[in-house]
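For the protein sequence lines, the chains are C, S and U, in the order given. 184 is the number that the numbering used here gives to position 184 of the first sequence; each next residue is one higher, with no gaps. 29 is the number that the numbering used here gives to position 29 of the second sequence; each next residue is one higher, with no gaps. 225 is the number that the numbering used here gives to position 225 of the third sequence; each next residue is one higher, with no gaps.
Read the hints as simulated data drawn from the structure, not as lab findings. Among the clues, some could well be false.
Unchecked claim - In silico lysine-lysine, DSBU-like type, Cα no more than 35 angstroms apart, as pairs:
#1 U:K336 with C:K74
#2 U:K336 with S:K60
#3 C:K17 with S:K237
What the hints assert, rightly or not - Some chain U residues close to chain S (C-beta under 7 angstroms, calculated; not the full set):
#4 S79
#5 G116
#6 V118
#7 T120
#8 S221
#9 P238
#10 A276
For glycine and all other residues, C-beta sits at the position ideal for the given N, C-alpha and C.
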Amino acid sequence: MSVARSPWQIFWKEFRKSPMALLGAAVLVFFYGSAIFADFLAPYSMIEQNRDLGYLPPQRVRLASGGPFVYGTKLVDPVRNRYAEDQAHRYPVRFFVSGRPYRILGLVPASVHLFGVDAPGGIHLVGTDQFGRDVLSRLLYGARISLSIGLVGIAISFSIGILVGGLSGYFGGWIDEGTMRVTEILLSIPVLYLIVALAAILPPEMPSDRKYFLIVVILSFIGWATLARIVRGLVLSLREFEYVTAAKALGAGTFRVLLRHIIPNTLSFLIVAATVSVPGYILGEVFLSFLGVGIQEPTASWGNMLTAAQSVRVLMSFPWILAPGYLIFLTVLAFNFLGDGLSDALNPRKIQGGKGG
Amino acid sequence: MRTFLLRRFLNMIPLLFGISLLSFGVMELAPGDFLDTIRANDAIPPELVESMAKRFALDKPWYVRYERWLGNVVLHADFGESFSYRQPVFSIMAPRLGNTLILALAAALITWCLAIPLGILAAVRQYSWWDKTASLIASFGLSIPEVFFALLLLLLAAKTGWFPIGGMHSLDYDDLTPLGKALDIAHHLVLPAIVLGTIPMASRMRQMRANLLDVLRLEYVNTARAKGLPERQVIWKHAVRNALNPLITLFGLTLAALLSGSFVVEVVMGWPGLGALTLEALRKQDLYLVMGSVMLASTLLVLGNLVADVLLAVVDPRIRYD
Amino acid sequence: MIRVGLPRWARLAAPLALAVVLAGGCGGKNVSNAKFQDPNPLPEGADVVPVTGHHGGRLVYATISEPKTFNPIIANETSSTDILDGPVYSGLVEFDNGTQQLKPGLAESWERSDDGRVWTFHLRKGVRWSDGEPFDVDDVLFTSKVVYDEKINAAVRELIKSEGKPWVWEKVDSLTLKVTLPAPFGPVLEVIGSVYIVPRHKLEAAYNAGRFEQMLGITTSPDSIVGTGPYRVTEFRPGESCTLKRNPHYWKIDQNHQRLPYFDTVVFVACPDYNASYLKFQSGDSDIQDPVRPEDAPSLQDDQKKGNFTLTNLGPDIATNFLWFNLNPGKDASGKPFLEPYKLAWFKDVRFRRAASHAMDREGMIKTALQGSGYPQYGLITTANKRWYDPNVPKFEYDPEQAKTLLDQMGLKDRNGDGIREDAQGHKVEFVLYTNSENTIRKNLGQVAKDCFAKVGISCIFQPIEFNTLISHIRDDHKYDSIILGLTGGVPPDPALSQNVYRSTGLTHQWWPQQKTPGTPAEAQIDKLMDVVVQEPDSTKRKAAFDKVQEILGEQQFTVGLAREPLMVAVRNRVKGVRPSVLRLHVMYNIEELYEDKGAGQVASR
């Protein structure tokens with residue numbers, strides 16, 4: 001027998017075993033960090049157009065004794081958007097340059113940016129899009145929307161799902177009957193139909209931030225029902241466990257039992273479920289953009305950036321426009337790895353010493 | 001069991017009613033109506049639009065339309081007429097449904113034929129090179145946005161010429177022998193079925209792996225091993241069978257989900273199915289066509305659920321229904 | 001007929017033999033060595049067309065839509081009319097998209113009375129429906145009866161009326177038709193030509209039973225779709241393709257007195273979008289790419305030799321993209337004005353609208369939104385409309401300085417230094433610009449317009465919204481500031497047929513529809529001129545009046561023109577007889593004259 005360890009220690013020991021999960025976690029920390037500090041990292045704003053510089057391929061940063069620099073660009077073929085380096089002009093890459101103002105974490109005013117070059121040069125490490133907007137900057141700002149949509153979405157759907165499922169499972173009777181009928185109806189309409197139909201009623205004229213919120217609400221509206229049913233099932237089975245019966249016998253109130261004894265026991269399940277359901281929201285945003293009802297330009301989201309890549313010409317000639325596709329893929333992959341790792345590490349058999357099963 | 005079935009069937013009636021009310025309501029909440037596109041066409045005089053509005057009862061409040069629609073459905077099994085095709089919705093949907101069914105079956109075939117063997121292999125050789133590759137494939141399948149995947153495959157088809165670009169029949173279809181016809185459709189089916197089948201394949205594979213791992217930990221497997229049965233027999237005869245049960249029950253559900261999940265594939269790859277039709281109908285607000293399609297998809301899903309429950313009851317004696 | 005090449009699935013098994021298979025199987029051509037033999041006698045009144053060609057072969061046309069009905073009377077979407085109007089059904093008069101001139105159709109000649117109100121049409125002798133039944137005046141009368149029937153939603157009904165009253169169609173004899181108009185009307189022939197004649201012998205019973213609208217739906221058996229056009233529908237696969245075969249009774253013949261059309265089979269393949277149709281064209285599966293998107297033009301340009309096709313630039317499209325400001329001073333039911341009075345005051349000022357035109361960087365739009373090739377637009381009628389275009393329309397070209405001057409003159413100045421102008425009352429010069437979110441090019445134009453407005457100190461909130469919602473803003477609640485939309489213009493592109501756009505009473509008089517009395521002197525003048533355009537039988541006078549309309553519209557800038565992509569089409573070299581036109585259907589409108597040049601053939605390899 002080993003020394004008794006806290007569940008957290010057990011979890012960490014298990015979690016560490018899975019390199020893919022660690023990698024996933026690291027990628028996510030990096031992505032979310034970049035999104036938070038997008039203002040600082042992005043060399044340009046997401047809407048600045050440079051109409052003479054559409055579909056500029058990613059620029060190469062060159063090294064010289066004086067530090068890194070980029071060459072200027074000149075348009076060789078305006079119809080095919082072909083560019084050549086203008087070696088007559090060198091623009092050194094400067095760090096911590098002053099630029100457009102922003103607020104750190106929405107609070108502290110600042111105007112320093114990680115890097116940039118002096119006008120009239122430009123630095124576009126991931127190239128530019130059709131309007132000559134900097135793709136890297138748009139990816140960074142777009143990450144804010146695409147990455148947060150999942151978190152906000154699960155926050156909403158889990159709150160509703162846990163509450164409804166918990167109450168329904170705990171009380172049973174007509175509450176249970178009623179809520180389960182509602183979830184049944186929701187679950188019986190195929191998800192995509194529901195998304196498409198709900199998207200059609202999005203009030204059209206609204207600023208992107210409110211549209212964003214409504215999109216999250218729509219996706220959560222679909223997500224809560226499954227969760228409510230699962231939580232209900234868990235609660236139903238937990239309700240019969242001895243310790244719950246004991247707590248009840250000791251005169252603990254309904255909510256107390258629910259909050260102190262039942263919900264915590266579903267926690268490991270909920271954490272894993274949350275992790276693996278984030279990708280659903282990210283992909284949901286892509287699907288809405290595919291339908292043309294997602295976040296609208298010029299506000300960037302990975303979904304609408306990827307939609308812009310849906311043309312043969314872009315696929316063949318301007319592959320860097322596909323960058324959001326790879327990032328979505330990586331993010332979803334990272335969440336799945338993390339989810340696997342968590343579910344292995346949080347396996348109740350391991351943490352609770354084989355109870356249940 | 002019989003009472004259970006009966007109850008479930010009766011249960012479907014209020015359920016489908018609820019679905020119809022919710023979907024109708026959602027459709028009606030959307031701003032504008034079918035005639036807006038026609039109104040915008042300056043070649044079509046407004047008088048005509050007005051007379052069409054009257055014909056389709058679009059000048060009446062929504063509950064009047066719903067009541068009429070429901071009445072016709074219940075009394076005459078008449079799901080209404082499509083505004084743009086001017087034909088009963090089911091006559092429009094029927095050939096499309098057949099095509100979507102073919103696609104869904106092909107995708108289901110890919111799903112199950114790959115998911116189960118790969119899942120078993122991954123579980124039996126846990127942490128092996130096999131397991132890692134399989135789980136990588138699964139993660140890949142679950143992570144790639146469908147639109148993106150479909151586009152990439154279409155591009156592959158265009159570049160290599162190995163597969164046709166969209167559609168379901170080649171132009172010479174009618175001149176082919178029956179075998180040739182089947183092969184022609186199969187050839188067109190490959191790419192869309194891959195796109196549609198990838199996600200369920202990945203998730204079923206993971207489920208299979210997890211289930212089998214769970215079963216392999218159970219005591220009776222150990223007992224069987226202890227009895228000296230060869231490992232092959234332990235796995236195939238005892239473990240796999242039990243691990244498979246929960247998956248098999250999902251078959252109906254998977255199929256129903258595939259049937260209604262084919263929007264993206266059908267639209268991007270030009271598969272002439274129900275999804276593409278429905279999406280167009282939704283965009284045009286062709287009310288009854290959408291309703292027909294939603295009701296069809298929902299009914300299939302509900303039936304799939306029912307079949308899953310029944311199968312679960314059959315294979316798992318621990319579950320009782322009263 | 002002998003099929004050459006392997007069935008297409010065989011490619012799967014033999015990717016190595018790809019080139020071989022492709023050479024033979026490209027477009028799945030049927031090679032016919034038999035000389036063309038006409039099973040049916042030629043009609044006495046056959047139309048001799050000055051073309052020659054060879055019979056046989058198959059033409060594949062990839063579209064992004066498919067027919068919703070085979071009933072030409074109720075068809076009101078191009079997806080249906082592209083196949084029906086012309087290829088399957090004919091009218092008494094035809095319009096040649098290439099020359100933009102009228103020519104005889106089922107009627108070989110006609111006369112007009114001096115007052116322009118009585119028209120006599122002489123039908124061709126010996127014309128037969130595609131099922132072999134004879135065609136005569138009774139079919140025309142039946143068609144007119146159906147079209148005028150209020151219970152049937154016939155798209156052309158209001159067109160063949162004068163002052164709201166139907167014309168009187170009478171049979172003189174079995175091949176002579178007399179049409180009497182209650183009031184004079186300019187484009188009688190254009191309008192008559194858009195009435196496609198349907199077979200009485202097939203449809204009268206259904207019509208009498210009140211089932212006309214349900215006839216000829218997409219589930220109809222192809223045998224019962226009977227027309228007088230060069231082709232008949234033989235197979236329809238929903239969501240995939242519509243196959244047409246030669247009408248063996250067609251009434252046009254070539255120079256050598258061989259019956260048209262030449263191609264045995266024409267297939268309209270429905271693709272989900274332009275990406276798919278482009279890929280199909282590039283891989284040799286279709287013969288025509290129409291239209292070619294600006295973004296696909298460069299690669300098609302490069303591949304012409306390899307793919308054995310020709311890319312043709314037809315110049316500016318007849319369709320337009322423009323921006324307009326809401327000028328509707330009305331109020332809603334609760335007494336609230338549709339748009340804030342101070343905004344209306346800016347928009348009503350012609351200097352504001354001209355400033356907006358000066359602000360538009362049309363070259364920049366072409367560079368980005370139109371992917372490098374396109375034409376700036378100023379008026380509603382483009383050079384593509386050969387007959388009606390007026391070169392003297394004033395142009396308020398890109399000139400941000402001039403725009404700023406005009407705005408300054410209006411008293412719109414940046415009073416608080418935030419870079420955005422304010423009016424005298426301190427209202428920020430800011431408005432919302434809508435467009436329909438389904439149209440990528442308009443969305444892109446809007447992105448640029450927003451940027452252009454910002455450069456002259458105007459804050460423009462650009463918001464693409466769903467088409468349906470957009471239309472209900474224009475038509476129903478009138479609550480919007482400004483919109484980018486386009487006009488496509490029908491065929492024939494006669495302004496009398498789109499008078500609703502120009503007349504102040506019109507429903508599509510976008511900036512202020514359905515005015516009781518003309519809101520501005522300019523619009524009153526336009527209304528008067530449109531009376532001439534619609535009623536005057538003399539075409540020179542009509543043209544002069546419409547020129548004036550265009551000039552007034554240009555002066556007033558009720559609509560601010562933006563930019564439009566060039567219209568381009570790509571056609572395989574083996575398809576001959578092509579006379580591409582800027583008018584829809586750009587390549588297929590003279591479908592009966594197209595033929596296959598067997599020598600000019602094949603796609604060499606991918």
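Here is what the structure says about each hint:
1. U:K336 with C:K74: Violated. K336 of chain U to K74 of chain C sits at ~53 angstroms, over the 35 angstroms cutoff.
2. U:K336 with S:K60: Given that 35 angstroms is the threshold and the Cα spacing comes to 26 angstroms, the pair holds.
3. C:K17 with S:K237: holds, 32 angstroms
4. S79: violated, 9 angstroms
5. G116: At 22 angstroms from the nearest chain S Cβ, G116 of chain U fails the 7 angstroms test, so the hint is violated.
6. V118: violated, 25 angstroms
7. T120: Check failed: Cβ of T120 of chain U comes no nearer than 27 angstroms to chain S, outside 7 angstroms.
8. S221: Nearest chain S Cβ about 12 angstroms off; hint violated.
9. P238: holds, 5 angstroms
10. A276: holds, 5 angstroms
The structure fails to meet hints 1, 4, 5, 6, 7 and 8 from the earlier list, while all remaining hints are met.
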